[in-house]
Structure formats: C-alpha cells, structure tokens
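For chain L, the structure is supplied; the task is to place chain Y on it using the hints.
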Amino acid sequence: GEDVEQSLFLSVREGDSSVINCTYTDSSSTYLYWYKQEPGAGLQLLTYIFSNMDMKQDQRLTVLLNKKDKHLSLRIADTQTGDSAIYFCAESNDYKLSFGAGTTVTVRA
Amino acid sequence: DTGVSQNPRHKITKRGQNVTFRCDPISEHNRLYWYRQTLGQGPEFLTYFQNEAQLEKSRLLSDRFSAERPKGSFSTLEIQRTEQGDSAMYLCASSLSGDLDGYTFGSGTRLTVV
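The listed protein sequences derive, respectively, from chains L and Y. Each step along the first sequence adds one to the number in the working numbering, with nothing skipped, and position 98 is 98. Each step along the second sequence adds one to the number in the working numbering, with nothing skipped, and position 89 is 89.
So that you can see chain L by itself, here it is in the shape it has in the complex:
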C-alpha cells in the first residue's frame, strides 16, 4: 500500500537549519519528492531523489534517503522567513504521487 507519514509541525529560528522527516511504505517507489505549499497556493516542487540514491544536495536543500528504513528527510540550511510554508513529502510509482499530510514550518525571528 501507499502510506506516507510526516511530523506535523516544526518551529525554527531564522538562520538555523530545519530538518523535516518522512516515512513511506511503498518499497517500489521510484522517485521521492519534497513539495512546498504557501497559503492559498498550489504545490511547488522543491527537489526530488531517485530511489537508488542516498543523498542529493541542491543549494540550501539536502535530501537524505534511507531506503532500508524507508525514511526520507529534507534539511534546509540557513532557514529564512520565506521558508515558512507547508512541506509535503511524496512517493511515486509510475504515474501517481502519494503525499503525506504535510509539515507546517514556522520560522521565528
């Protein structure tokens, strides 16, 4: 089946690193994604990782994948106020994405 779970809330101080965690169940997932959603807006693809990789870095974003434990994390370095949003983890199998409920990240000054 497809079940994606995330921590619901994260509060972080501006300038610190944020780490958002996610677990998934479908071991046949080919890609895993992180999307960002700001209030009233659609989903913005932040980054993705192919299932045969264990790490991907893209500017301030680092994705770690532990395929054995089916655990995915997103680290945002030097978190800014503009990073306040809901972050969704998603797994894919061919055409369909299965999303977690989202982690609300609040950046405080």
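Read the hints as simulated data drawn from the structure, not as lab findings. Hints may be right or wrong, so weigh each one.
To be verified - Have a look at the derived ranges for each label pair, beta carbon to beta carbon:
#, chain 1, residue 1, chain 2, residue 2, range
1, L, D58, Y, T38, 28 to 34 Å
2, L, K96, Y, Q80, 43 to 49 Å
3, Y, T76, L, D54, 40 to 46 Å
4, L, D94, Y, G85, 28 to 34 Å
What the hints assert, rightly or not - Calculated from the model, a selection of chain Y residues having no Cβ within reach of chain L, i.e. all distances over 12 Å:
#, residue
5, R9
6, S66
7, A93
Just so you know, these numbers come straight off a predicted model, no measurement behind them. Yeah, the Cβ is synthetic: ideal placement off N, Cα and C, and Gly gets one too.
Below, chain Y alone, put in the same frame as chain L:
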C-alpha cells in the same frame, strides 16, 4: 510557457448545483492529473490522462465526478449535484510520461459548497 493554469481560482456554489473546472497543462506534457486536497491534508490522487485517454480513476472519484480531456490538451473536471463534502482544493498537474521529475502542479481551484 506559463506553467499549469487552472480556472476558476475560487468557486462558491450551492449544494446540489453542478460545477466545472478547467485545467490547461504545460503544452508539451502528454500526461494530466487531477488531485483533491482537503484542509490539513496532502493532495489525494483522483484520475489521470495520457493524451486523451483516461487511464486510471481513484475510488475517491464517485459517479458524480467526471473528467475529460477531449483533444489531449486541456481537461475539465465536472462535479454534479455537489455536496458539502466536495469542498476542497482541486489541483491539476501535468508531466511527460516517464519523466517524473517534471510533475508540475497548477495553483488549484478552491471549491466551497454552501
């Protein structure tokens, strides 16, 4: 290309009325997807098209819902006899088949059924 475009952005309707939403995908994308997102949840898959063929429908898509993509370009999602439980954000996305790093979402249509 302006990305995936959805209209209207907001729709308020009375219970029992029919509503129709439109999605214009990225022009070279042959796959088009519909998702529904309720408050506090992640998006849930409803259906997808490859060109004009509807290849998969979720069990969430009751008989009151119908989606079309007649010429393999834009798509419409119609909800008949709306219910309060249909209130949600309806998101459209598009991609090239086999290219899952290019799955792009629109801004969504927020439906409120009163």
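D94/L versus G85/Y beta-carbon gap, inside 28 to 34 Å or not: holds, 29 Å
Could you check the hint for me, namely that K96/L and Q80/Y are 43 to 49 Å apart, CB to CB? Violated, since K96/L and Q80/Y (Cβ atoms, about 25 Å apart) do not stay within the stated range.
Non-interface label on A93/Y, tested against every C-beta of chain L at 12 Å: violated, 8 Å
Given a hint of 40 to 46 Å, does the C-beta separation of T76/Y and D54/L actually sit inside it? holds, 42 Å
Distance restraint evaluation - D58/L, T38/Y, Cβ atoms, bounds 28 to 34 Å: Given about 30 Å between the Cβ atoms, the range holds.
Check on S66/Y being off the interface with chain L, judged by Cβ distance over 12 Å: About 19 Å separates S66/Y from the closest Cβ of chain L, which puts it past 12 Å; holds.
Would R9/Y pass as off the interface with chain L, using Cβ distances and a cut of 12 Å? It is violated; R9/Y is separated from chain L by about 9 Å at its closest Cβ, not greater than 12 Å.
Comparing the model with each numbered hint stated earlier shows that hints 2, 5 and 7 do not hold.
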